[in-house]
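Since chain Y is already given, all that's left is putting chain S on it; use the hints.
Chains as they are written, first to last, in numbering that gives the first Met the number 0: chain Y, 0 to 633; chain S, 0 to 186.
Bear in mind the hints are in silico, worked out from the structure with no lab data behind them. Accuracy of the hints is not assured; some may be wrong.
[Stated by the list, open to error] DSS-like mimics (lysine-lysine), calculated; alpha carbons at most 30 Å apart, straight line:
#1 Y:K58 / S:K154
#2 S:K154 / S:K176
#3 Y:K58 / S:K65
#4 S:K176 / Y:K179
#5 Y:K495 / S:K177
#6 Y:K58 / S:K176
#7 Y:K179 / Y:K425
#8 S:K165 / Y:K425
#9 S:K65 / Y:K425
#10 Y:K495 / S:K165
#11 S:K154 / Y:K495
#12 Y:K495 / Y:K58
Keep in mind it's a predicted model, so treat the numbers as computed, not measured.
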Amino acid sequence: MNHVPDPKRVLAPHLQDHELISHLDGELSRSDRQRVTLHLESCWDCRSRLSSLQSSIEKLIEFRKTFPFPSEYGTHEMRVEQSRSRVLRHAVETAPEVNWWRRMADPVASAFSAPVEWLTRYRQPALAVIVASCLLITMFTDVWTTRVSAETVLVRMQTYDSAHQPGEGNILRASMRVEKIEPRRDRTREVEKVTVLRDSLGDHTVVESERAGVTNNVLITAATAGDLLPRAVGSPELAVPVLQFLASVRWIPDLSPSEFRKILSGRGVDENSAKKVAGLFELHFPFAAAHPSTITEAVYVVDARDYAPVRMSLLTTEAGSPVEYRFIRSEFRVEPRTTELARLFSSNEPAPRTASSAPRSNRVVPLTYLNSTASEAEVAVANVLHGSDACLGEELHIFPMSDGSLLVQGLMDSGARRDAVRRALKSVPGPLTIEIYLPRELKSGTQLLKPPDEPIGPDATEPRAAIGTTLADLSNQQIPLHDMLYRHFSNESSTKEETERQVNAFSNEVVTLARQTFLHAWALKRLDREFSGKRTSSLPPTAAQAVQRMREDHRRWIATISHRQAQTLGSVVESSATTSLGASVDSNADTDTLLRLAQEQNDLVRTLFTISSRPTQPSASVTRLLALLRQMGA
Amino acid sequence: MSDGYRLNVSEMLGLEEVQRHRGSQHLEQLIVELYATLRNPLLSYAYQVACSSGDAEDLVQIAFLKLYDQLRSRTPIENVRSWLYRVVHNAAIDQVRHHGRQENLVEEWLAENSARPSSAEDDLILQQRISHSLSLLNERERHCLLLRADGLSYKEIAEVLSISVKAVSVYLVRGLKKIGGRSESRA
Chain Y
0 MNHVPDPKRV LAPHLQDHEL ISHLDGELSR SDRQRVTLHL ESCWDCRSRL
50 SSLQSSIEKL IEFRKTFPFP SEYGTHEMRV EQSRSRVLRH AVETAPEVNW
100 WRRMADPVAS AFSAPVEWLT RYRQPALAVI VASCLLITMF TDVWTTRVSA
150 ETVLVRMQTY DSAHQPGEGN ILRASMRVEK IEPRRDRTRE VEKVTVLRDS
200 LGDHTVVESE RAGVTNNVLI TAATAGDLLP RAVGSPELAV PVLQFLASVR
250 WIPDLSPSEF RKILSGRGVD ENSAKKVAGL FELHFPFAAA HPSTITEAVY
300 VVDARDYAPV RMSLLTTEAG SPVEYRFIRS EFRVEPRTTE LARLFSSNEP
350 APRTASSAPR SNRVVPLTYL NSTASEAEVA VANVLHGSDA CLGEELHIFP
400 MSDGSLLVQG LMDSGARRDA VRRALKSVPG PLTIEIYLPR ELKSGTQLLK
450 PPDEPIGPDA TEPRAAIGTT LADLSNQQIP LHDMLYRHFS NESSTKEETE
500 RQVNAFSNEV VTLARQTFLH AWALKRLDRE FSGKRTSSLP PTAAQAVQRM
550 REDHRRWIAT ISHRQAQTLG SVVESSATTS LGASVDSNAD TDTLLRLAQE
600 QNDLVRTLFT ISSRPTQPSA SVTRLLALLR QMGA
Chain S
0 MSDGYRLNVS EMLGLEEVQR HRGSQHLEQL IVELYATLRN PLLSYAYQVA
50 CSSGDAEDLV QIAFLKLYDQ LRSRTPIENV RSWLYRVVHN AAIDQVRHHG
100 RQENLVEEWL AENSARPSSA EDDLILQQRI SHSLSLLNER ERHCLLLRAD
150 GLSYKEIAEV LSISVKAVSV YLVRGLKKIG GRSESRA
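Chain Y on its own, in the form it takes in the complex (with noise of 0.2 Å):
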């Protein structure tokens, strides 16, 4: 033991060459940096070798500035760009997929699982029962298949049609669902789906069809059905003469028996046949030999208890083949008259039957924000755009329309990004038409229709003129702030060439966090304008909460970015910015107010972190951009 010296007493043996580098790039601990120091100042053999490290370090930092990309790697921002979609494609691509699938297998799997267990134990019971019933009811049906009156069935109908005619403050909602069959190639295509809404108050009717995922909303009137069927039941599946031939007798696309009468009228024959099948009345109503309409047969299938009609039949051939199409009711009930249901029918009359020409109300077109009220339609939307971002930065707008309907229509600038809000407007209900281009789209016959409100100032129109901007790089401009961020982030440890990184890694970030506040003031600003206190005075609690919940998103996200971004910038920039603007903006500050702050802050940021332009004071610019920021993010 004697033997081994005390390591304290020894004269302190050379440096070795792990804790030279570390020392180099400041990796030392204290305890250690101080002998290190400590022994480097008298040892000449350690100092040689720590330069002869150093030069080593200046020789690779000069080659690996000076290596380049290969070319075909394609600008900074095109990869960023190209980064963006494949983001937002892998987005919806992964998560929302599947939890759309949960939601909707939960429910039909529980709905399911009860059933199918009972089956499967009770299976010869149950195989028996089946059986047996398929037995009566054939035994019966036989016994019940006689022949009866279709004019008897159409008679009673009728009956049954005004005692379910929607009564004061109601509105009846009737769905059908078109489809077109070709028996000869066994082929059933569905077409689209129609719903008729028919108002208590006047006889407005308003026919919304859905076809290929677009819904399509138009108010007819018994006067207009005629021209406007066309409009309503626009298919390019359904034969034009079997159109012309529906829109010549007015038909409403109901399967209501009065609107069935319709198609009768114009049939050219009289006869008639009707049996019971299975519960239902089949009711035939051959047409006139050569009917222009091609039509050959009208089949209406009732219910033989209560006398509903359950589908409607049209036969006809096309090419010398037999073809049927088949209107089924999907939907058929009363439900109160809302206030949205109603401007679906009052909205197109604002002052009716002055002129002379009907066609007049019947344009759809888009309504302002002055002369229209939001409906909770408009929030949901509002909602859906705010929840995907698609608030800030896009030039979307919600346009109420005249009909009743609305209408979402602007530019985004990528496709992936449209691709997601297309996809998560589709959970809103109602009537809505999505017209979103991209900047190559837009071609000079496509029109962007004007925004529902009035520009919101002349400097503040174009908030994506933000994004363009040339951000910090590392060409041979410097930003104005460029020394002042150099002093700071330079220390014994770090080379110009990190420094300079960080620099610019920093300018980029106080960039875009500049740019983002700004967006959502901006997208604050536009939520004030379309939600009004005079628009929503008449929306439920629920949509009001909602609203406001879009507001204080984004006051949030103001408040939570400016202060940030103060915190960042005074831990970094020398300045004497302790002084305030006054007090901070508390959480009520007036949109407009906060939206000037925050353009004030990104003009700023932009002119101290950008190599754009040179502020012709930095420092006082600073100051200013402190106290800017400190008074937003309270």
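Here is chain S on its own, set in the frame of chain Y:
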């Protein structure tokens, strides 16, 4: 402040805020902003490790998609930058194993650039000398030097390469000695 302000990107971008306030709604945007900031160094690193020009960009973009998944699943990441470097590093190494390395990359680049009139004679000599030295480095040394040149701390480098902090300093010295080797022998 005197020990140097380390740029903590995740803190500056407020990723924690995002997770707290809005789940993943805002995340896509932040990921893209982070990409815009860190793309160049990561790309250059991937390029020099994998040495196959076509796929480096892809490696980097995939790393950001992974980052997105990770943050969305609320798995905390202590240091976003070294996490990204590690993902890129591993992917680049995998690629080298599968497709082999394009060894003469540096020479190729020099051959291309020597034709350029703007390239000064002195620079060229320096480049050639360094590229020669670089070719003497082994993989670990090269990786450590590249990461250090990108401004990663020893701890971060250790995380990226899954080695100890001390090993990082040892590799760095060895690599630097090889680079400086010729000038030392001349002196």
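Structure-based check of all given hints:
1. Y:K58 / S:K154: holds, 23 Å
2. S:K154 / S:K176: holds, 21 Å
3. Y:K58 / S:K65: Distance of about 35 Å is beyond 30 Å: violated.
4. S:K176 / Y:K179: violated, 81 Å
5. Y:K495 / S:K177: holds, 22 Å
6. Y:K58 / S:K176: holds, 11 Å
7. Y:K179 / Y:K425: holds, 26 Å
8. S:K165 / Y:K425: violated, 56 Å
9. S:K65 / Y:K425: holds, 28 Å
10. Y:K495 / S:K165: holds, 25 Å
11. S:K154 / Y:K495: Holds, at about 21 Å.
12. Y:K495 / Y:K58: holds, 12 Å
When the structure is compared with the earlier hints, violations turn up for hints 3, 4, 8 and for no others.
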